[in-house]
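Q: Got chain A; can you put chain B with the ligands on it based on the hints?
There are 2 protein chains.
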Amino acid sequence: MRWVWHKNNKSPFRIIIAGFLLVILLGSLLLMLPAATRAGVSTSFMDALFTATSAVCVTGLVIHDTAAYWSFFGQLIIIILIQIGGLGVVTVACAFMIPSGRKIDLMQRSIVQEAIAAPNVGGIVRLTGFILRTSLLIEMLGAMLLFSVFSGEFGFARGAWYAVFHSISAFCNAGFDLMGIKQPFSSLTDYADNPLVSVTIACLIVVGGIGFLTWNDIRTNRWRFSKYRMQSKVILTVTGGLIVLPALYFFFFEFSEAPIQERILLSFFQAVTPRTAGFNTADLTVMSQSGQLIIIILMLIGGSPGSTAGGMKTTTVGVLFANMISTFRHKEDAQVFHRRIAGETVSQAATILGMYLILFLAGGLVISRLEGVEVLGCLFETASAIGTVGLSLGLTPQLHDVSHLILIALMFFGRVGGLTLIFATLFKPQNMRSSARLPLERITVG
Amino acid sequence: MRWVWHKNNKSPFRIIIAGFLLVILLGSLLLMLPAATRAGVSTSFMDALFTATSAVCVTGLVIHDTAAYWSFFGQLIIIILIQIGGLGVVTVACAFMIPSGRKIDLMQRSIVQEAIAAPNVGGIVRLTGFILRTSLLIEMLGAMLLFSVFSGEFGFARGAWYAVFHSISAFCNAGFDLMGIKQPFSSLTDYADNPLVSVTIACLIVVGGIGFLTWNDIRTNRWRFSKYRMQSKVILTVTGGLIVLPALYFFFFEFSEAPIQERILLSFFQAVTPRTAGFNTADLTVMSQSGQLIIIILMLIGGSPGSTAGGMKTTTVGVLFANMISTFRHKEDAQVFHRRIAGETVSQAATILGMYLILFLAGGLVISRLEGVEVLGCLFETASAIGTVGLSLGLTPQLHDVSHLILIALMFFGRVGGLTLIFATLFKPQNMRSSARLPLERITVG
Ligand SMILES: [K+]
Ligand SMILES: [K+]
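Here the protein sequences come in this chain order: A and B. Counting in the working numbering, the first sequence runs from 72 upward without gaps. Counting in the working numbering, the second sequence runs from 72 upward without gaps.
Pulled out of the complex, with its shape left as it was, chain A reads as follows:
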């Protein structure tokens, strides 16, 4: 296959993808340096590639425990990759461009627009500035709150480093943690009954996951919900529902042995985290299969568009649900919050659902067959990868290279956004919207 890179091929999609790939490759090379590991050994390319992909795609699946294996230098590279991946490669590039005084042309603006899912090209530069300022502010606030706990536990210097690392990792929905120093792969299980850590991390996750444009809406319209853009309303409603309902399930059926405060914290945290965050305060391997299945479903759904999160997206679920209601009511168009949804959007949402189901199931089946492990555990890891979540039942470190490559592909797909990837690679833009229409023929479904 020839990779043609004409000037007129620079669609925003391709540039986003090239940016992600470049950052991943650079990160992999840096992580291969002996200085990046505690033991001072060189990491294999595959393991470095997996770690860099997991960081840039803000997934959090790891082969080596982050605290036990990587040196401070390695951890620094990882958190920088997370910050770049979380805020979007292009947003960062744009931020570097503004102070340099170079003119930002329409092509560059439309790249940024695609990356942050903005509704139109105007005001992109102002919006990017707002995103970067707000992100840093929130991360600093989170770090300060975490520092009040971590400084007592780890001392000043390490406490500060841990506070910054986990605040960025939580806000970017990355799910990397440094708690392996206590017990490898333990994530935040030690803080299950600590409200300050649990609630701070959960809030960072939610704020990072609802999308930059939703912030803008909240900043502009404050408490006047009815003034919000339809997309913000859908995001907030679906996000709320997907936190409250699973939290109730976990409260009543999974954590009934814990004391009441810990039980509430556990239920809330485990409801927030599967939608692309990837920290856990409960041991997921001892959960019931039903609980694991609910987590798989939440992982596939993921966060909101134009945010630090991955997955199928809350809006996709909202659109499919609205479409369901409109079909039941014999309405021609799907509608939500008194707005009509374009038929094209419904088609795209159906495509995304189909792609996620196919890739998640196919990946799980192939890994199960390759590794000779039971399929439910494999499906947990593939859902975690494609939703860029990073929760794990412990299988990932034991897998072979081919399975790791499958997970790398799924993480990339989940973060870049399936449609972006396909638009950029498979079909030429000149194919868009051919106006010749074929004759219509009825077909019965269902």
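Since the hints were derived computationally from the structure, they do not count as laboratory data. A hint or two may mislead.
[What the hints assert, rightly or not] Per label pair, the in silico range of CB-to-CB distance:
#, chain 1, residue 1, chain 2, residue 2, range
1, A, S113, B, V357, 38 to 48 Å
2, B, F143, A, E415, 55 to 65 Å
3, A, E445, B, R440, 37 to 47 Å
4, A, G223, B, V357, 51 to 61 Å
5, A, G111, B, L441, 55 to 65 Å
6, A, L93, B, K298, 45 to 55 Å
7, B, I151, A, E445, 54 to 64 Å
[What the hints assert, rightly or not] Over the 10 Å line for every Cβ pair with chain B, so calculated as not near, a few chain A residues:
#, residue
8, V112
9, S257
10, Q332
[Claimed, not checked] Taking beta-carbon pairs under 8 Å as the criterion, some of the chain B residues facing chain A (in silico):
#, residue
11, S297
12, S361
13, L447
Even glycine gets a Cβ: it sits at the ideal position worked out from N, Cα and C.
A: Quick look at chain B with the ligands alone, frame taken from chain A:
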């Protein structure tokens, strides 16, 4: 809730549903008679209702083994319910109507049209005659082939009864069997290496499952595939793919210990049966989890519209796949075999996929919670119910009444067709297609 039954409420949908319910209730009462059981005892209403629903909805899930529990009279009721359910309550009603010389008005015609998924009202009576004649012919042919084996094994009279019963059950995709006489719930496992039984049953299943209109197309156009209606092309292509691909998987990964002829037969039969037939020649409980997952997916997909089969339907899968391709190619409309698919059809297909996923998952989770069994087994039974398949990992007979009610509801939903059910019960027809359009607003998905 008030059940209003005005004259102007007689939508075809409601009449189809009322017909199914009436036949199920009548069947339940007959099965409660002591004469219906071998032991001469009266069966509880719940068990009789479950059996009658399973028969009319051509599912094949059973609480009591058909051969061991029910008398000849009971088995006769069951096979009559299967024949009525398989050919469609309304088709049968129509068949009784024709000889009685009564005028068939447009409303009656449109009921039949809905029931067999015909593209237009004209020619319905002729088509119904064709369906009934062909069905009986194929069932007789199947019975004769099976008789050549069963007469040797069970003697003339019982051999004939077994041949007729299994031919009807296979053609109607019902999956009820009388082999429990050898070992309860053994289905056709005794005939795994018998090509005559395996292939005859598999062919009856496929012919019954591709839909009456597809037959009509094949009869009219013979080998000129390009002349077929688009729907027939989609049905034949998807059906072919969904037999060949799983058969290859089963051949290479599941039945590798069997001798070559049995291995081919096992793979072919187990690939055909999950798409709503429900017989099995292999012991499904010893299959790998991956194999069971593939069977769950095939069960959810089901057969083709306007046939004896249930499930999401092959056309739904075809439409969603065509929509996926068109999204990838930035085309406005989904297209398949050089025909455009209406946007409304894509919306309906997405709704059907969503409903099946929600009901299958919710049903499995609730049953798992109620019964305290692991969720994968429960999902197998709910997929089997909603796809009206009847395959089982053995859980169904052990469940409590509430779980049985859930399965009854899923079987009914799967057979009647989800949209038919919702159109008939939830919303009034006057709501159809309100022409007032809300303002369009963009929303980002995926
Ligand atoms: K993550
Ligand atoms: K069946």
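Q: Hints first: check each against the structure and report whether it holds.
A: Hints, one by one, checked against the model:
Range check, S113 of chain A to V357 of chain B: Cβ separation about 46 Å, and the 38 to 48 Å hint holds. Checked against the hint of 55 to 65 Å, the C-beta distance between F143 of chain B and E415 of chain A comes to roughly 59 Å, which is consistent with it. At about 22 Å, the CB distance of E445 of chain A to R440 of chain B disagrees with the hint of 37 to 47 Å. Checked against the given bound of 51 to 61 Å, the beta carbons of G223 of chain A and V357 of chain B, roughly 56 Å apart, stay inside it.
At about 56 Å, the beta-carbon gap between G111 of chain A and L441 of chain B stays in the expected band of 55 to 65 Å. The beta-carbon spacing between L93 of chain A and K298 of chain B, approximately 53 Å, falls within the hinted interval of 45 to 55 Å. Look at I151 of chain B against E445 of chain A: about 43 Å separates their beta carbons, and that is not inside 54 to 64 Å. For V112 of chain A, the condition that its CB be more than 10 Å from all CB atoms of chain B holds, with the nearest at approximately 37 Å.
Residue placement check: S257 of chain A keeps its beta carbon more than 10 Å from all beta carbons of chain B (closest about 26 Å). The non-interface label for Q332 of chain A is consistent with chain B: the shortest C-beta to C-beta separation is roughly 25 Å, beyond 10 Å. Of the supplied interface hints, the one on S297 of chain B is violated, with its beta-carbon coming no nearer than about 14 Å to a beta-carbon of chain A, more than 8 Å. With its C-beta approaching chain A no nearer than about 5 Å, S361 of chain B sits inside the 8 Å limit, and its interface hint holds.
A distance limit of 8 Å between C-beta atoms decides the matter here; for L447 of chain B the minimum to chain A is near 6 Å, and the interface restraint holds.
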